[in-house]
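> Okay, here's what each chain looks like letter by letter:
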Amino acid sequence: MADARFFDRQGPFTLRDILTCAGIEGLLDADLDRQFDEVGSLDTAEPGSVGFLDNPKHLSALKDTRAGACFIDAAHVNDCPVDTIPIITTTPYLSFSKTAVLFYPAEARMDVEAGGSNVHPTATIGKRVTLGFGTTIGAYAEIGDGTIVAENVHIGRGVVIGKNCIVHHSATVTHALIEDHVDIGTGVRIGQRGFGFTPNLPGYLAVPQLGRVLIGNDVNIGANTAIDRGAGPDTRIGNYCQIDNLVHIAHNVVLGQGCVLAAQVGIAGSTRVGDYVVMAGQVGVAGHLNIVDGVTLAGKTGVTHDVTKPGTYGGFPAVPVRDWRVKVATLNRLAKKRDRSDG
Amino acid sequence: MADARFFDRQGPFTLRDILTCAGIEGLLDADLDRQFDEVGSLDTAEPGSVGFLDNPKHLSALKDTRAGACFIDAAHVNDCPVDTIPIITTTPYLSFSKTAVLFYPAEARMDVEAGGSNVHPTATIGKRVTLGFGTTIGAYAEIGDGTIVAENVHIGRGVVIGKNCIVHHSATVTHALIEDHVDIGTGVRIGQRGFGFTPNLPGYLAVPQLGRVLIGNDVNIGANTAIDRGAGPDTRIGNYCQIDNLVHIAHNVVLGQGCVLAAQVGIAGSTRVGDYVVMAGQVGVAGHLNIVDGVTLAGKTGVTHDVTKPGTYGGFPAVPVRDWRVKVATLNRLAKKRDRSDG
Amino acid sequence: MADARFFDRQGPFTLRDILTCAGIEGLLDADLDRQFDEVGSLDTAEPGSVGFLDNPKHLSALKDTRAGACFIDAAHVNDCPVDTIPIITTTPYLSFSKTAVLFYPAEARMDVEAGGSNVHPTATIGKRVTLGFGTTIGAYAEIGDGTIVAENVHIGRGVVIGKNCIVHHSATVTHALIEDHVDIGTGVRIGQRGFGFTPNLPGYLAVPQLGRVLIGNDVNIGANTAIDRGAGPDTRIGNYCQIDNLVHIAHNVVLGQGCVLAAQVGIAGSTRVGDYVVMAGQVGVAGHLNIVDGVTLAGKTGVTHDVTKPGTYGGFPAVPVRDWRVKVATLNRLAKKRDRSDG
Chain A
8 MADARFFDRQ GPFTLRDILT CAGIEGLLDA DLDRQFDEVG SLDTAEPGSV GFLDNPKHLS
68 ALKDTRAGAC FIDAAHVNDC PVDTIPIITT TPYLSFSKTA VLFYPAEARM DVEAGGSNVH
128 PTATIGKRVT LGFGTTIGAY AEIGDGTIVA ENVHIGRGVV IGKNCIVHHS ATVTHALIED
188 HVDIGTGVRI GQRGFGFTPN LPGYLAVPQL GRVLIGNDVN IGANTAIDRG AGPDTRIGNY
248 CQIDNLVHIA HNVVLGQGCV LAAQVGIAGS TRVGDYVVMA GQVGVAGHLN IVDGVTLAGK
308 TGVTHDVTKP GTYGGFPAVP VRDWRVKVAT LNRLAKKRDR SDG
Chain B
8 MADARFFDRQ GPFTLRDILT CAGIEGLLDA DLDRQFDEVG SLDTAEPGSV GFLDNPKHLS
68 ALKDTRAGAC FIDAAHVNDC PVDTIPIITT TPYLSFSKTA VLFYPAEARM DVEAGGSNVH
128 PTATIGKRVT LGFGTTIGAY AEIGDGTIVA ENVHIGRGVV IGKNCIVHHS ATVTHALIED
188 HVDIGTGVRI GQRGFGFTPN LPGYLAVPQL GRVLIGNDVN IGANTAIDRG AGPDTRIGNY
248 CQIDNLVHIA HNVVLGQGCV LAAQVGIAGS TRVGDYVVMA GQVGVAGHLN IVDGVTLAGK
308 TGVTHDVTKP GTYGGFPAVP VRDWRVKVAT LNRLAKKRDR SDG
Chain C
8 MADARFFDRQ GPFTLRDILT CAGIEGLLDA DLDRQFDEVG SLDTAEPGSV GFLDNPKHLS
68 ALKDTRAGAC FIDAAHVNDC PVDTIPIITT TPYLSFSKTA VLFYPAEARM DVEAGGSNVH
128 PTATIGKRVT LGFGTTIGAY AEIGDGTIVA ENVHIGRGVV IGKNCIVHHS ATVTHALIED
188 HVDIGTGVRI GQRGFGFTPN LPGYLAVPQL GRVLIGNDVN IGANTAIDRG AGPDTRIGNY
248 CQIDNLVHIA HNVVLGQGCV LAAQVGIAGS TRVGDYVVMA GQVGVAGHLN IVDGVTLAGK
308 TGVTHDVTKP GTYGGFPAVP VRDWRVKVAT LNRLAKKRDR SDG
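Protein chains in written order, with the working numbering: chain A, 8 to 350; chain B, 8 to 350; chain C, 8 to 350.
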């Protein structure tokens, strides 16, 4: 299914291989030696493909599928066509995704045109590191084993990048210490000076920004996102954070573990965000605030005060999402009333 | 008028040349051999310049202009000064723009410092292609005739770019098939993995993103915009789309023909947009929605439901723009009443 | 305090040096030859450090500080610990910041991996200019004395950059004239064509954009920000403007002197902004508007009409911030009333 010009498929794999990869043990009334050569969605799958049913609203696709096997919740097994082997799991999408990684392990990697990089003699380059064309590695920088630094990247002086990271084309990393398995997207800017200045009429004095950016393990950062270094304290991104494209993270911001920031989110300086906080697209958070663990912010929410209780919030200024819906409905009703009386 | 350091002017051209270029046939009581050497706005034009009147609110500039000729609607011919030749057309701005392209054909092109690129031996490079300094072209990529790829660009493995395209400085293109006459701005990111992952505690598993980005003919993409590749289906941008700076287009999004997306618009995953949809600045559209042909979204609109009828919408959540104005007016009135009673 | 891998500290300096640097003359009952070797915040400062108290809410940190000296307003001198020398000033943060620049002058500079650039033979390169690896300088461009152009930058044909500027990694500058002491962040895009086109069915004709970008002295521009060149008139950024990350400035926009634009602000085409206008994060301003001097726009404000009086505005559509607060409170009250009556 995937275009072979862009993706290298492995396999075929047996059903046994697939169950092992997905971590599914239970007995299965099926031929464990049967071979599969592809993963795919139910509507386009061939008999050699493994699919999944995650959302009951796709049940009709299940009934018509030609997929040879399907990860599926026990509740829907009876809806599986006779020629499709049901692989029962409570997490069909996770199991499918692990299988997709089995078939396409290199999808997460990249093709780098190496050679023609400029590495400072004091830099430390680990084993199995690939450095792309036109890339510079600064003095005393350290690049961990198995890390890929793509084309036209700049890694600044003293930066430490861990093992098995990927820094994509045209990204910049300065003043930063980065752990393992971090994926830094194309055009990402990490470590530039924070937006700190003080009036010095008729202009401003740029205040030295003497902190760093610290990034944990297993963090993904989307294209053209910007993460400024701290002013004195550090800017910190916790383990497992998922950050989308065109996000802005200002100086001294602290993100806890496992946060998810969708595209075009902006977080102003010195705000502290707890663990597993989710911000949908275009959310804005003012500076010097605290947001506790487990908060979800709906798209375009504007946060101007501390958020002290877990839950889902929306609107601007942000309120619990239920309250925001009531506000929207209230105004709709009043506006309609007025509209009728004007009409 | 245009600074010769940046723009190469052609000409002079005769009035006949200009009429031909603008596609205007009608008879004209004027010297068709008269020469013009510049285009410009009415207020700064010299007698050798061609100007235009598009908006009646600029009628005063017309009356005072020194321009030698002016594209103009028939309704305003009598307002033309005696020394300014009126060139009657129903589309003055389009006619003027075509003339401006005649004088400045290279404005749409660019000066590229060539040499020092890194082309994979399996790549196919068309005729009259320019490759900029520090650029890499990946394995099996195809670059069409007359295309310019500027400095520090990365074209990934297998990418196909059509004829007479321009890829500006520092852009990235991977996992993409692009038609002809496409202009990809500086720092644009096309084809990076979509924001797809699934919980795998304590973190997340990145779901392989096995789709592509397909871009039609005559598409323009502004600086630092990001277009993610599909998760399995493709992300698609129709012919003639105009996309401004810092726009985010997520995986699996489909844009129809001739859409216009202003700066900082964000469209979440799997949303389908019809033909000739216009989104003003900072609009946000949630994922998995459908927007029909001919919809216009005012600036900062937040779309959270399908838009099933053509028309203009505004506010958050989006409503027909008239309803949004009523809502704003209603709240204004209620707030004033409250303010008075509090005062 | 600052990580020596990233920051080169100068000094030690005497108290006399520090007073001179900060421009503080007044007599001081202290040992002017005492040496200091660091700047820092009051809570982490050592006896060799200089700190500051700017905001009375940090008075408790003052009482417990170990800092050897502290810039402080006269009103709080009595709160200074006995071992901390109070340095009285009406601008503690400015004085501290000047001292921080004394200790870390290179913070504002950068480490550039030079060599391997591509300079057109007609370009003019000043004295003490550093050109980074993989950078191109176009025909007839002029780079002023002491300017640093980092790695993988493109400076287009005819561009003029003044003295002591910094152009960071991967930035693009075309069609622009830039004064002195300008800091252009990583991935900034200056001078690309504006978003100008006119219907030419079934598509659009790109209207030649024949203006430039003019940038004054002492301007700072954050990462991945985009500033389009004018359509005919120029796009202008006044002296002392401070622009954060991911900002969009469209063609023909004029920013006065000393404006501050926080991250993800967007200003549409031909809008004119006065002096010392402040826009907080994610503000959007429509096109063809005028905003007078001294206006402040709260975060996420949407401006759709001229702003003719100085003051602070908020909401969408923008109103004086006090009115916006009344609107929010009014709707809150009405929604609560409705919620109760529904419950």
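Be a bit skeptical, because a hint or two may be false.
No copy labels: a pair is met if it fits in one copy or bridges any two.
To be verified - Okay, derived cross-link-like pairs now, BS3-like style, lysine-lysine, Cα gap no bigger than 25 Å in a straight line:
| no. | residue 1 | residue 2 |
| --- | --- | --- |
| 1 | Lys344 | Lys170 |
| 2 | Lys344 | Lys316 |
| 3 | Lys134 | Lys344 |
| 4 | Lys343 | Lys316 |
| 5 | Lys70 | Lys316 |
| 6 | Lys170 | Lys134 |
The hints are simulated quantities; they were obtained by calculation from the structure and are not laboratory data. Since we're looking at a predicted model, the values are computed, not measured.
> Need the list of violated hint numbers for this structure, in ascending order.
1, 3, 5
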